[in-house]
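Heads up: the sequence lines are chains A and B, in that order. The first sequence maps to residues 193 to 308 in my numbering. The second sequence maps to residues 711 to 823 in my numbering.
Since the hints were made in silico from the structure, they are not lab data. Warning: the hint list may mix true and false statements.
Stated by the list, open to error - With a straight-line cut-off of 20 angstroms between C-alpha atoms, the simulated EDC-like cross-links for lysine to aspartate or glutamate are:
#1 A:K249 to B:D762
#2 A:K203 to B:D804
#3 B:K767 to B:D792
#4 B:K778 to B:E765
#5 A:K249 to B:E724
#6 A:K203 to A:D248
#7 A:K249 to A:E260
#8 A:K209 to A:E277
#9 B:K791 to B:D804
Stated by the list, open to error - Simulated restraints, written as ranges between beta carbons of each label pair:
#10 B:T721 to A:S197: 43 to 49 angstroms
#11 A:Q233 to B:I727: 27 to 33 angstroms
#12 B:T723 to A:R273: 45 to 51 angstroms
#13 A:S258 to B:T723: 35 to 41 angstroms
Said to hold, decoys possible - Over the 10 angstroms line for every Cβ pair with chain B, so calculated as not near, a few chain A residues:
#14 D210
#15 T222
#16 G264
#17 V266
#18 A280
#19 S293
None of the values given here were measured: they were computed from a predicted structure. In this text, a Cβ means the ideal position worked out from N, Cα and C, and glycines have one as well.
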Amino acid sequence: GAGVSQSPSNKVTEKGKDVELRCDPISGHTALYWYRQSLGQGLEFLIYFQGNSAPDKSGLPSDRFSAERTGGSVSTLTIQRTQQEDSAVYLCASSVGTDLSTDTQYFGPGTRLTVL
Amino acid sequence: GQNIDQPTEMTATEGAIVQINCTYQTSGFNGLFWYQQHAGEAPTFLSYNVLDGLEEKGRFSSFLSRSKGYSYLLLKELQMKDSASYLCAVRDTDTGTASKLTFGTGTRLQVTL
Numbered sequence: 193g194a195g196v197s198q199s200p201s202n203k204v205t206e207k208g209k210d211v212e213l214r215c216d217p218i219s220g221h222t223a224l225y226w227y228r229q230s231l232g233q234g235l236e237f238l239i240y241f242q243g244n245s246a247p248d249k250s251g252l253p254s255d256r257f258s259a260e261r262t263g264g265s266v267s268t269l270t271i272q273r274t275q276q277e278d279s280a281v282y283l284c285a286s287s288v289g290t291d292l293s294t295d296t297q298y299f300g301p302g303t304r305l306t307v308l
Numbered sequence: 711g712q713n714i715d716q717p718t719e720m721t722a723t724e725g726a727i728v729q730i731n732c733t734y735q736t737s738g739f740n741g742l743f744w745y746q747q748h749a750g751e752a753p754t755f756l757s758y759n760v761l762d763g764l765e766e767k768g769r770f771s772s773f774l775s776r777s778k779g780y781s782y783l784l785l786k787e788l789q790m791k792d793s794a795s796y797l798c799a800v801r802d803t804d805t806g807t808a809s810k811l812t813f814g815t816g817t818r819l820q821v822t823l
């Protein structure tokens, strides 16, 4: 596709349930990033992938959060036993990822997660 | 630690010029980005500065001073569609081929008639 796509666009879940959020990066982009944006807050880094490896997962807030990437393309962010404070917009971005000096991240439309 | 500051809100008139400032204190520096984000939409890339000076792109320009830890985004000939949040972000690493960005909380710009 032309841009980064994410699904679902909206997800409402009950506290304690698990959720999976999906990201399809721009074709050919080797780097993929997950961020979270809470109401009134800046974008908060969660994890990034270079290929299928995650060199930096320092932003994952707890062990309830995990992510994987397969085939160097699609990524899934999983939140187990969701809590109300997990409610946010989860944004995915991708970049070419071959030259840091010119690397630019392009964002998908996000998944709005609401935990009741 | 990382600290990026921008004003929370600004208002400007259609047709005018507005300057949105961003100051940063990060453990390293390898580029500063500006993104535009309309309400309910994804951030879209506006500009990138890694060297000191001014980068111009049509109605939008971005300036960087690394010694002062300071950048600004200049928007000329404001249009109503420029009403959005403007996000300043810093890349603080110089190793590898990709890296996370650290974002400020964004500046919400309201353009009025």
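Which of the numbered hints above does this structure break? The structure breaks hints 1, 2, 5, 6, 9, 10, 13, 15 and 19; every other hint is satisfied.
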